[in-house]
Amino acid sequence: MTDQHVDELIDLYALGALEPGEQAAVDEHLDDCPRCRAQLEEAKQLVLMFAWTPDQHDPPPALRGKVMQRVSHLQRLQGSTQRSWWDRLALPQWLRSPQLGLQLSGALVLVAALLGWRIFGLQSEVTSLRAQIAEQETLVAVLYEPDTRIVPLAAANDPAVTHGYLLFDPERQQAVIKSTALAALPQDQTYQLWLIDGSQPESVGLLSTGPDGHGTAEVMAQRPFSQYQAFGISIEPAGGSDQPTTTPIVVVSL
Amino acid sequence: MFQRQKYVVQNQETDAALADGSLGERRRTQWGETSNVEETDEELIERLAGGDVAALDALYTRYARPVFSLALRILSDSADAEEVTQDVFERVWRHAPTFDAQRGRFGTWLLSMTHHVAIDRVRKRQRRPQQATAQSVEWTAPGPPAPNDVPESALRNMQAEQVRRALRSLPSSQQQAIELAYFGGLSHLEIAAVLGDPLGTVKARIRRGMDRLRSALERYVTEGEDV
Ligand SMILES: [Zn+2]
Chain A
68 MTDQHVDELI
78 DLYALGALEP
88 GEQAAVDEHL
98 DDCPRCRAQL
108 EEAKQLVLMF
118 AWTPDQHDPP
128 PALRGKVMQR
138 VSHLQRLQGS
148 TQRSWWDRLA
158 LPQWLRSPQL
168 GLQLSGALVL
178 VAALLGWRIF
188 GLQSEVTSLR
198 AQIAEQETLV
208 AVLYEPDTRI
218 VPLAAANDPA
228 VTHGYLLFDP
238 ERQQAVIKST
248 ALAALPQDQT
258 YQLWLIDGSQ
268 PESVGLLSTG
278 PDGHGTAEVM
288 AQRPFSQYQA
298 FGISIEPAGG
308 SDQPTTTPIV
318 VVSL
Chain B
21 MFQRQKYVVQ
31 NQETDAALAD
41 GSLGERRRTQ
51 WGETSNVEET
61 DEELIERLAG
71 GDVAALDALY
81 TRYARPVFSL
91 ALRILSDSAD
101 AEEVTQDVFE
111 RVWRHAPTFD
121 AQRGRFGTWL
131 LSMTHHVAID
141 RVRKRQRRPQ
151 QATAQSVEWT
161 APGPPAPNDV
171 PESALRNMQA
181 EQVRRALRSL
191 PSSQQQAIEL
201 AYFGGLSHLE
211 IAAVLGDPLG
221 TVKARIRRGM
231 DRLRSALERY
241 VTEGEDV
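Residue numbers (the numbering used here), protein chains in the order written: chain A, 68 to 321; chain B, 21 to 247.
Note that these hints are calculated values from the structure, not bench results. As the structure is a computational prediction, the values presented were derived from the model and not from experiment. C-beta atoms are modelled at their ideal positions from N, C-alpha and C, and glycine is treated no differently. Among the hints, a few may not be true.
Among the chain B residues that face chain A by a calculated CB cut under 7 Å, a handful are [as the list claims (entries may be wrong)]:
no., residue
1, 84
2, 88
3, 106
4, 125
5, 129
6, 135
7, 136
8, 178
9, 201
10, 202
11, 209
Under the rule of at most 35 Å between Cα atoms (straight-line distance), these lysine-lysine pairs were calculated in the DSBU-like manner [to be verified]:
no., chain 1, residue 1, chain 2, residue 2
12, B, 144, A, 133
13, A, 111, A, 133
14, B, 223, A, 133
15, B, 223, B, 144
16, B, 223, A, 111
Construct the entire structure; sequences and hints are all you get.
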């Protein structure tokens, strides 16, 4: 399949009418055949037009209200999540100034704050932040989810000390942990992350931090977060352990 | 092959005209001034991304009709089509901050998403193939343009009219096979099963139908000849 052109399948491909197996074979050919790729692009252009061809009907008038109500509701939820989170972080007032919002997109402001809420008036800093953002797409994606919750990671031995934040959506299995004050560990040790359901902790990743105590890691759970009771961090030998071997330095309920 | 290439080039010119606004001028005289003409789709999305929900209301005014109509055509059920429409506009809001604004492309993106969401739903419904045959209907003439027609939707409506005519001019077996694929979400294998025709026949019909559409539209684009 890969060395033969796929002319007879291009239209079917553009229409989404190939069987899954065929589609994979065509994809393989398309990977290194610009000629067939160009034909597919052209066929897709035509297929795109089909979307505008059905007989036109107005939706019921009440639908507009439903749509707007739903989105306004979601927007409020998102707004309140962000506000409470800002407040908990006690960001300097200037960071929330409207001018800054004009200069930087919402994502940039959020990520900038997460990455260390430091100064970024300088162009060079903004540039470097952009680079970091590119590396942290997951973080940005989590931030944009309206249902994202942010849990401060209070130290187990002193609730007044916050080590960082866990950002998660209860309905998802993926989350992000951002540490702001976790001392860098010696080479032979690592921070290990746990989700706890009953008494059985489940390892959900490792975290390393820099000299400034900052670190970011993706957390991958086996089930949606709503199904766990707590999140914890323990110090383990490099590479991690099957079960925690030390007393957790953080345990927060979700 | 040559014909295919030419069609693409012409298409891009149309998009270019759309992008530099020359088509916009013509449209404005054709459809008259409306309150929404000033603000482009992309400007509205930017406002929406900035948290201004009213911008979504304006986008709804422009696009609810084609979105709902496509969903209705695919799902043949008004309540389902309403749910898809609601879902699609919620996604617009959700994706607004990351939407890659290319001028004149929002409507295309929106309708592709509608198609995707509605076909997904059809497949989940596990509709019996026989029903798909029963609801395979003639392509019908469009209704009057929506009251607040604006650049992209107006352009697409004009183009759609040509595609619609070209489709109607196809032999009904070709038209039906293409419809079952695009609006029914069926694979060529499923189409063959529904119609009781050999696989090769179905593939050939779709391909011939698409080729006919290409040449009809090419004549329209290059020579301004009505399909
Ligand atoms: Zn090829």
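Hint-by-hint comparison with the structure:
Hint status for residue 84/B relative to chain A: holds, with the closest Cβ pair at about 5 Å, below 7 Å. The interface hint given for residue 88/B holds, since its Cβ lies 4 Å from the closest Cβ of chain A, which is under the 7 Å cut-off. Look at residue 106/B: its Cβ gets to within about 5 Å of chain A, closer than 7 Å, so that hint holds up. Given the 7 Å rule on beta carbons, the hint for residue 125/B is violated: about 10 Å separates it from the nearest Cβ of chain A.
Interface hint status for residue 129/B: violated, as the beta-carbon distance to the closest one in chain A is roughly 10 Å, over 7 Å. Satisfaction of the interface hint for residue 135/B is found here, the shortest Cβ-Cβ separation to chain A being roughly 6 Å, below the 7 Å cut-off. Restraint check, residue 136/B versus chain A: the minimum CB separation of about 9 Å is more than 7 Å; hint violated. Interface restraint check: residue 178/B against chain A, minimum CB-CB distance 10 Å, threshold 7 Å, status violated.
For the restraint placing residue 201/B at the interface with chain A, the shortest Cβ-Cβ distance is roughly 4 Å, inside the 7 Å limit, so the hint holds. For residue 202/B, the suggested interface contact is upheld, since its CB lies about 5 Å from the closest CB of chain A, less than 7 Å. Nearest Cβ of chain A to the Cβ of residue 209/B: about 6 Å, under the 7 Å cut. The hint holds. Between residue 144/B and residue 133/A the CA atoms are separated by roughly 24 Å; this keeps the pair inside 35 Å, and the hint holds.
For the suggested pair residue 111/A and residue 133/A, the alpha carbons sit about 33 Å apart, so the restraint of at most 35 Å is met. With a CA separation close to 42 Å, the supplied pair residue 223/B and residue 133/A exceeds the 35 Å bound. Under the criterion of a C-alpha separation no larger than 35 Å, the hint pairing residue 223/B with residue 144/B is consistent with the structure, at around 25 Å. Simply put, residue 223/B and residue 111/A have alpha-carbon atoms about 17 Å apart, close enough for the 35 Å limit, and the pair holds.
Comparing the model with each earlier hint shows violations of hints 4, 5, 7, 8, 14; every other hint is respected.
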